[in-house]
Amino acid sequence: MPFLSVMTILLIYQLVGELIVREFNMTVPGPVIGMLLMLFSLLVKRSFADQLLKPTEMILSHFSLLFIPAGVGLMIHLSRLQDEWLAITIALLSSTVLGLLVTAWTMMLMTKLMNRNPK
Amino acid sequence: MNDYSAIWVYLAASPLFGLTLTLTCYLLALQIYRKGRGNPLLTPVATSIVMIIAVLSVMDIPYDSYFSGAQFIHFLLGPATVALAIPLFYQLSKLKKIWLPMTVAVICGITVSGFSAYFIARALGASTETILSMIPKSVTAPVAMGISEQINGLPTLTAVFVVITGVLGAIMGVWLFKLFKINDDNIKGVAMGVTAHGLGTATSLQINQQMGAFAGLAMALSASVSAFVLPFVLSLINP
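The listed protein sequences correspond, in order, to chains A and B. In terms of the numbering used here, the first sequence is residues 33 to 151. In terms of the numbering used here, the second sequence is residues 474 to 712.
For the record, the hints were derived by calculation from the structure and aren't laboratory data. Yeah, the Cβ is synthetic: ideal placement off N, Cα and C, and Gly gets one too. Any given hint might turn out to be false.
Cβ-to-Cβ under 8 Å is the rule here; a few derived chain A residues that face chain B [claimed, not checked]:
hint, residue
1, P34
2, L42
3, V76
4, G103
5, G105
6, M107
Below are the SDA-like pairs computed for lysine to any residue, each with C-alpha atoms no more than 25 Å apart in a straight line [said to hold, decoys possible]:
hint, chain 1, residue 1, chain 2, residue 2
7, B, K567, A, W137
8, A, K144, B, Q564
9, A, K144, B, V577
10, B, K654, A, V129
Next comes chain A alone, as it looks inside the complex (with noise of 0.2 Å):
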């Protein structure tokens, strides 16, 4: 599919995302229900994601380019780290040190009581 025709189909579901998020005023991001919406029409015609697969992974691939520009951002917060650097060093390093443990654990678990007891 042609590159122009893909950042259309794309733009086209993060608007509908966009007005869904309005109307039913959620607290989800459009582009997020734009994603589901096209996870969806993936599951009613598969042959939509083969033609899709190509372009995209072109954009994917270059997916952290993307938050630079927001990175950059960190300038305009530089007086806030300075004042708060321990206390956000503290929270980050703990909470992802937490973050993977848990999940691994969590996982772990589910997956032995799911054996224990099959369907």
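Given the coordinates of chain A, assemble chain B onto it according to the supplied hints.
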């Protein structure tokens, strides 16, 4: 001489400058990352951000002028998030067998990493905007910024926390799994994808394909459920 500086002042404030600077620094950062054999400390996002801030400070250009150009890149976060549905769709068959343990692990993981940061930072006296902006820090950037906006955090501050968390998770994950003898690739992948989003996924892919696939799956799943879960948990804590 005066003509030159007049042109320069004009160019530095035009959108062209911010856009070109972002792309140039990103490509340079990718080169550095490859030279450093994918060392997570050299992750291209972090390096680019440092380079761009250095250039802007030296040239005394405010963030707003920079962003007038960089917003064209920033804007693409929306359609790129929609595009995440495609890789997620191709992984769905893998999800069938393990969807229940994984969904529970993803929900527990994003809640614990977001709210442990919230409570620890609050106990250490951080401001309200800071602690709110920390809640979505483990989710991939575009979604995290959207959530941050919804819960009255500062989206740009959240983006900074997202990048830092990604780098920390990618570095500490490998080391923690060894320390706690967690050996299953599926489980390691899910933990990396949930906690360290795209940067965790990239690191997992370098370890092996299986771990990378599960990290990507967990990242996409957490991007879609966290937008529902995190604001809900916050409303329970802070009615």
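Consistency of the hints with the structure:
Because the smallest distance between the Cβ of P34 (chain A) and any Cβ of chain B comes to about 15 Å, over 8 Å, the interface hint for this residue is violated. Given the 8 Å rule on beta carbons, the hint for L42 (chain A) holds: about 4 Å separates it from the nearest Cβ of chain B. Interface restraint check: V76 (chain A) against chain B, minimum CB-CB distance 11 Å, threshold 8 Å, status violated. Nearest Cβ of chain B to the Cβ of G103 (chain A): about 4 Å, under the 8 Å cut. The hint holds.
Hint status for G105 (chain A) relative to chain B: holds, with the closest Cβ pair at about 3 Å, below 8 Å. Interface hint at M107 (chain A): satisfied, since its Cβ lies 5 Å from the closest Cβ of chain B, which is below the 8 Å cut-off. Using a Cα cut-off of 25 Å, the hinted pair K567 (chain B) and W137 (chain A) holds, with the two alpha carbons roughly 20 Å apart. For the proposed pair K144 (chain A) and Q564 (chain B), the alpha carbon gap of about 23 Å is at most 25 Å, so the pair holds.
Using a Cα cut-off of 25 Å, the hinted pair K144 (chain A) and V577 (chain B) holds, with the two alpha carbons roughly 13 Å apart. Between K654 (chain B) and V129 (chain A), the direct Cα distance comes to roughly 15 Å. Compliance with the 25 Å bound is thereby established for this hinted pair.
Checked against the numbered hints given earlier, this structure breaks hints 1, 3; the rest are met.
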